[in-house]
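> Top to bottom, those sequences are chains H and Z. This note's numbering numbers the first residue of the first sequence as 1 and each following residue consecutively. This note's numbering numbers the first residue of the second sequence as 1 and each following residue consecutively.
Heads up, a few of these hints could be off.
Residues of chain H placed beyond 12 Å of chain Z at every Cβ, according to the derived structure [as the list claims (entries may be wrong)]: (1) S56; (2) Q77; (3) Q95.
Below, computed lysine to aspartate or glutamate pairings styled on DMTMM-like, alpha-carbon distance capped at 20 Å [what the hints assert, rightly or not]: (4) Z/K778 / Z/D733; (5) Z/K635 / Z/E820; (6) Z/K577 / H/E45; (7) Z/K537 / H/D62; (8) H/K92 / Z/D805; (9) Z/K356 / Z/E209; (10) Z/K577 / H/E83; (11) Z/K556 / Z/E798; (12) Z/K577 / H/E30; (13) Z/K537 / H/D75; (14) Z/K471 / Z/E62; (15) Z/K687 / Z/D784; (16) Z/K461 / Z/D541; (17) Z/K610 / Z/E628; (18) Z/K635 / Z/D621; (19) H/K7 / Z/E826; (20) Z/K524 / Z/E801; (21) Z/K461 / H/D62; (22) Z/K86 / Z/E62; (23) Z/K577 / H/E86; (24) Z/K306 / Z/E327; (25) Z/K86 / Z/E120; (26) Z/K471 / Z/D312; (27) Z/K511 / Z/E488; (28) Z/K551 / Z/D541.
To be clear, the hints were calculated from the coordinates, so they are not data collected in a lab. All C-beta atoms, glycine included, are put in the ideal place defined by N, C-alpha and C.
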Amino acid sequence: MIGQNSKVLLGPVDQIPVGQGRCFVVHGREIAVFRSRSGTIFAVENHCPHRGGPLSEGVIGDGKVVCPLHGHKFDFQTGQGSEAGECVAVFKIRQEQGQIILEK
Amino acid sequence: MKNFKQKLVVIGNGTAGARVVEEILKRVPGRFDISMFGAEPYGNYNRILLSNVLNQTQEPQEIFLNPLSWYKENSIHLHAGIKAFKIDRERRVVLGVNVPQGQLPYAHNDDILPKSDIVEESYDHVIIATGSRPFVPPMEGFGAPGTFLFRTIDDCSAIAQYARDCRKAAVIGGGLLGLEAARGLLTHNVEVTVIEAAAQLMAAQLDQESGQLLRRTMESMGLRVLTGTKTAKIHSRDGQISSLSFADGTTLETDMVIVSAGIRPITEVAQNSRIAVNKGIVCDDQMRTSDADIFVLGECAEHRGKLYGLVDPIWEQARVLADVITEKNPQATYTGSKTGTKLKVMGVELLSLGEKEQGQPSDEVVTYREPNRAIYKKLIIRDDRIYGAILLGDTQGGDLLMQMFLNEERLPSKRSELFFGSVKNAILINVADLPDNAQICNCNGVCKKEITDAILDANCKTVAAVGKKTKAGKGCGSCRGLIAQLIESCLGEVTYDPSEHFYVPGIPLEKSQLVAEVKSRGLKSVSAVFQELAGGKEDPDSKVGLASLLKTIWPKEYVDERDARFINDRVHANIQKDGTFSVVPRIYGGVTSPEELMRIAQAAMKYKVKMVKITGGQRIDLLGVRKEDLPSIWKDLGMPSGHAYTKAFRTCKSCVGTDFCRYGVGDSIALAQKIERRFQGIESPHKMKLATAGCPRNCSEAYVKDIGAVAIEGGQWEIYVGGAAGSSVRKGDLLCTVNSHDDVLKYIGRFIQYYREHAKYLERTYGFAERIGIEILKGILVQDSLGICAQLDERIAEAVEAYRDPWQEAEFPAYPHQFEGPRLIEVLHEAENNG
Ligand SMILES: Cc1cc2nc3c(=O)[nH]c(=O)nc-3n(C[C@H](O)[C@H](O)[C@H](O)COP(=O)(O)OP(=O)(O)OC[C@H]3O[C@@H](n4cnc5c(N)ncnc54)[C@H](O)[C@@H]3O)c2cc1C
Ligand code: HEM
Ligand code: SF4
Ligand code: FES
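All chains should be built: construct the whole structure from the sequences, respecting the hints.
What follows is the structure, given as structure tokens:
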């Protein structure tokens with residue numbers, strides 16, 4: 001697990017193609033980090049609660065990611081899924097001088 | 001128990017009857033004790049959609065407006081299947097009787113003097129809304145089995161049922177309804193001839209030139225048209241229709257006859273009750289008949305000497321009648337209606353408003369002609385307002401013209417803008433600026449205020465929700481664009497609703513509208529489309545569909561933003577349930593070589609693929625490849641992508657054909673390879689799987705492919721389109737028969753391009769071919785009825801030319817990190833936290 005109040009440096013933001021996501025493995029946990037066209041970044045758990053689809057490979061837009069396997073949608077702010085009862089963990093994340101910093 | 005409510009009896013449970021009751025209930029729920037007589041044994045349905053039922057685009061149950069439960073909920077006593085025959089004005093009762101089994105509800109029987117089973121309803125007020133019946137011109141033989149009229153849902157089912165055993169049908173009457181009936185019959189696989197007594201089709205709405213053009217369009221759909229032809233007699237033999245003979249002595253063989261030659265108001269109830277009847281039941285500006293307690297509206301009413309045969313006037317009449325009868329506004333007046341006519345025939349766009357010819361020398365006439373595409377537009381302008389208009393072949397902007405006509409708006413001085421929009425593409429009328437009482441939905445008579453109320457007060461955020469609440473947009477559908485604009489002007493945005501006909505959910509436009517916007521604004525990337533047409537909101541569910549469409553519109557200039565692609569199209573492989581990918585190299589026509597097979601085997605071993613599978617499309621699938629390995633496995637294979645992962649041309653299977661098969665009459669392998677080399681990877685609204693067969697034994701299953709080419713004796717090839725053998729199974733429709741491989745390529749290319757341009761996103765060819773109809777497709781793609789074949793050929797050639805094997809990205813990735821897998825972050829980086 002990521003330690004309390006810890007920060008993890010994920011490296012330069014441009015390793016994520018614009019408008020896409022990328023999976024990072026931090027302490028053995030897969031985290032999907034997205035970079036929207038407007039430049040904001042978001043991080044959620046990579047593992048889709050439906051059947052484990054890799055969310056980092058999903059199409060994003062309007063603050064949501066669409067799972068590539070069956071199209072369930074998840075909100076970047078709340079983690080809430082489009083199907084009742086499905087939810088993913090959301091991580092705090094920010095950019096500083098072109099670097100991505102994951103907080104928890 | 002004594003009932004103090006006023007008693008209202010409505011005779012006729014059709015469009016007008018049900019509507020006026022709704023208007024009354026809106027004003028004074030519960031004031032009246034309402035009962036209704038309806039000769040048809042159903043609740044009220046949308047009569048204008050019967051054409052759709054006949055052409056099989058809608059099911060009968062879809063067109064009901066007031067199901068039986070509606071009557072119950074509103075405590076209306078409905079006498080369904082009971083015909084009122086008299087109003088006894090002394091005793092103040094309405095008398096009705098059962099419609100006998102087997103009799104048409106609109107049958108003319110003034111000899112009705114029933115002996116038993118009379119239903120009586122006492123009244124304080126009566127509303128007559130009996131509509132009309134089809135008119136049968138004098139001819140011998142009508143009424144025999146196999147002769148039909150077209151007015152009710154039961155007529156529709158009887159026609160459809162009978163057509164099953166027929167090869168030929170004749171429709172007598174070349175007006176609006178006759179043409180809709182004729183087009184509908186085509187979908188029942190019969191040869192249809194339309195017989196019109198006047199010198200042209202739709203003589204009431206079209207001038208000579210547009211009548212002529214419409215005739216050509218109808219003929220290109222496969223209809224036969226006879227004008228200037230009067231039917232004298234319908235001949236039967238052995239209880240079946242055999243032929244028609246005409247006034248000029250000629251004859252026509254046919255198996256069934258539908259007469260649709262105009263309508264006449266149903267007035268017997270009024271006549272039997274000694275209420276004033278002229279051509280229709282006469283009423284004043286308050287919709288009162290000669291008896292002040294008895295009102296009338298709809299097609300049976302004659303107001304200021306005029307009869308109407310469209311739904312539009314009914315909405316206004318119903319409002320006035322309701323205002324008067326409920327005393328909400330006893331002075332309300334109906335002063336007559338202007339009407340426009342729209343032809344709802346699939347594949348024909350036609351709008352006609354007001355007069356068809358110039359009325360005086362000072363009238364200004366503006367015309368635009370494009371004979372090749374069968375387009376004709378004419379405006380007759382008087383005092384700077386529309387006096388008449390005809391739009392044929394292209395009705396874009398027609399709903400705005402209709403608005404300007406109905407509201408008598410002053411026209412812009414540049415008349416061309418009325419046809420083509422202004423140079424800046426500004427909208428001519430802003431719906432938001434229309435008056436509250438401007439009618440937006442002409443099919444269901446819904447005005448702007450009702451729609452904005454639904455949006456603001458009832459919280460309807462989608463076109464569908466507005467439709468559910470107000471019925472707006474639920475007729476012909478042409479006002480949906482205006483409703484979306486109203487939602488947008490009230491709420492700032494239209495909410496996505498999958499039941500809409502938008503091409504993609506996030507942009508409130510149907511495909512043709514979207515394409516027009518994309519082209520006129522020059523939008524070449526998905527983000528530009530969102531920026532311009534969705535206020536910058538990037539709907540994730542719309543990205544992939546838009547990307548595919550843009551690539552079709554701009555084969556060369558398309559700005560390919562990879563984030564708009566589905567993962568499969570980002571990495572050119574099919575994602576599997578465990579997050580690995582499958583790799584299917586292209587094997588042209590299903591023919592491979594030992595060398596290729598060895599490379600495939602070596603790659604499979606080197607990358608430890610989890611399964612090697614022969615696919616249904618005659619190629620080989622390597623399953624379980626990691627994303628990081630994709631570029632190197634492609635390089636090792638040295639074969640192009642088979643596009644097994646995307647909405648595009650997939651494969652062309654073949655049978656062994658003339659090379660080896662003893663039955664083969666055409667070289668199916670060479671053809672399949674040519675097809676596959678030409679169309680490989682062409683994106684389309686959905687996937688396309690093809691096949692060629694060397695003879696009609698069809699071993700490669702070409703009849704059930706999206707497109708199939710089958711060799712027949714004589715060196716010819718039959719081209720089938722719209723086949724399916726997936727969750728739906730359908731044999732393709734024969735598009736044409738051609739003489740050479742080159743011609744096969746030409747027609748396949750044309751069909752593919754037409755499909756790419758006109759199908760809805762995710763609509764397979766079988767749905768598309770069914771929706772458009774094979775006869776129309778033949779007309780467009782083979783006979784070139786729209787004059788667009790040359791352009792289609794050109795555009796598919798451009799798309800072919802723009803093709804690049806996506807697996808080349810193994811050498812030159814499209815963007816950094818394209819094929820990288822998860823990145824392991826080492827704990828080391830956690831350092832700075834106490835920094
Ligand atoms: C196939 C078709 C397509 C059409 N398309 C269009 C279109 O695109 N646009 C357009 O504007 N208009 C169209 N119309 C015309 C439109 O449907 C009519 O103008 C409208 O329905 C008339 O309404 P109404 O209430 O006056 O008559 P109806 O809807 O016919 O209602 C009258 C009802 O009263 C019943 N009735 C009659 N006599 C009695 C009696 N004595 N006792 C009890 N019940 C009785 C009848 O059986 C009928 O059900 C179309 C019509 C048809 C048939
Ligand atoms: C002399 C003529 C024919 C030869 C040599 C031949 C040979 C073959 C062979 C070798 C296969 C592959 C079997 C397999 O995959 O295990 C096959 C499959 C098939 N054959 Fe034939 N066949 C002949 C005639 C026909 C005819 C006349 C028909 C149809 C009426 C037919 C329909 C099929 C079908 C539907 C398949 C399965 C196709 C698929 O798996 O995709 N064949 N044939
Ligand atoms: S379709 Fe005809 S030519 Fe082709 S393999 Fe089958 S039998 Fe032979
Ligand atoms: S695994 Fe994500 S939607 Fe099914």
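> So, for every hint listed, does it hold in this structure?
Hint by hint, here is what the structure shows:
1. Not every CB of chain Z is more than 12 Å from the CB of H/S56 (nearest about 8 Å), against its label as outside the interface.
2. For H/Q77, the shortest C-beta to C-beta distance to chain Z comes to about 15 Å, beyond the 12 Å cut-off, and the non-interface label holds.
3. Separation of H/Q95 from chain Z is adequate, the least Cβ-Cβ distance of about 14 Å exceeding the 12 Å criterion.
4. Using a Cα cut-off of 20 Å, the hinted pair Z/K778 and Z/D733 holds, with the two alpha carbons roughly 10 Å apart.
5. For the suggested pair Z/K635 and Z/E820, the alpha carbons sit about 16 Å apart, so the restraint of at most 20 Å is met.
6. Using a Cα cut-off of 20 Å, the hinted pair Z/K577 and H/E45 holds, with the two alpha carbons roughly 17 Å apart.
7. Proposed proximity of Z/K537 and H/D62 is supported: the alpha carbons are some 6 Å apart, at most 20 Å.
8. Between H/K92 and Z/D805 the alpha-carbon distance is near 40 Å, which puts this suggested pair outside the 20 Å criterion.
9. At most 20 Å may separate the alpha-carbon atoms for a hinted pair to count; Z/K356 and Z/E209 meet this at roughly 11 Å.
10. In summary, the hint linking Z/K577 to H/E83 is supported, as the alpha carbons are separated by about 19 Å, within the 20 Å threshold.
11. Taken as a hint, the Z/K556 and Z/E798 pair is honoured in the structure, with Cα atoms around 8 Å apart against an allowance of 20 Å.
12. Distance hint between Z/K577 and H/E30 is fulfilled; the C-alpha atoms sit about 17 Å from each other, no more than 20 Å.
13. This hinted pair checks out: Z/K537 and H/D75 have alpha carbons roughly 15 Å apart, not beyond 20 Å.
14. Among the hinted pairs, Z/K471 with Z/E62 is consistent with the structure: their alpha-carbon atoms are about 13 Å apart, no more than 20 Å.
15. As the CA atoms of Z/K687 and Z/D784 are separated by approximately 26 Å, the hinted pair breaks the 20 Å bound.
16. Distance check on the hinted pair: Z/K461 and Z/D541 sit about 18 Å apart at the alpha-carbon level, within 20 Å; holds.
17. The hinted pair formed by Z/K610 and Z/E628 meets the criterion: a straight-line CA distance of about 16 Å does not exceed 20 Å.
18. With a CA separation close to 16 Å, the supplied pair Z/K635 and Z/D621 stays within the 20 Å bound.
19. Pair hint H/K7 plus Z/E826 holds up; C-alpha atoms about 12 Å apart against a cutoff of 20 Å.
20. With a C-alpha separation of about 18 Å, the suggested pairing of Z/K524 with Z/E801 holds against the 20 Å cut-off.
21. Of the pairs offered as hints, the one joining Z/K461 and H/D62 holds, with about 18 Å between alpha carbons and a cut-off of 20 Å not exceeded.
22. Among the hinted pairs, Z/K86 with Z/E62 is inconsistent with the structure: their alpha-carbon atoms are about 33 Å apart, more than 20 Å.
23. Under the criterion of a C-alpha separation no larger than 20 Å, the hint pairing Z/K577 with H/E86 is consistent with the structure, at around 18 Å.
24. Distance hint between Z/K306 and Z/E327 is unfulfilled; the C-alpha atoms sit about 26 Å from each other, more than 20 Å.
25. Note on Z/K86 and Z/E120: the hinted pairing holds, with a Cα-Cα distance of about 10 Å set against a maximum of 20 Å.
26. The suggested pairing of Z/K471 with Z/D312 holds, with an alpha-carbon distance near 14 Å, which does not exceed 20 Å.
27. Proximity of Z/K511 to Z/E488 is assessed by CA-CA distance (about 19 Å); at most 20 Å being required, the pair is judged to hold.
28. For the suggested pair Z/K551 and Z/D541, the alpha carbons sit about 17 Å apart, so the restraint of at most 20 Å is met.
The structure fails hints 1, 8, 15, 22, 24 (numbered hints given earlier, in ascending order).
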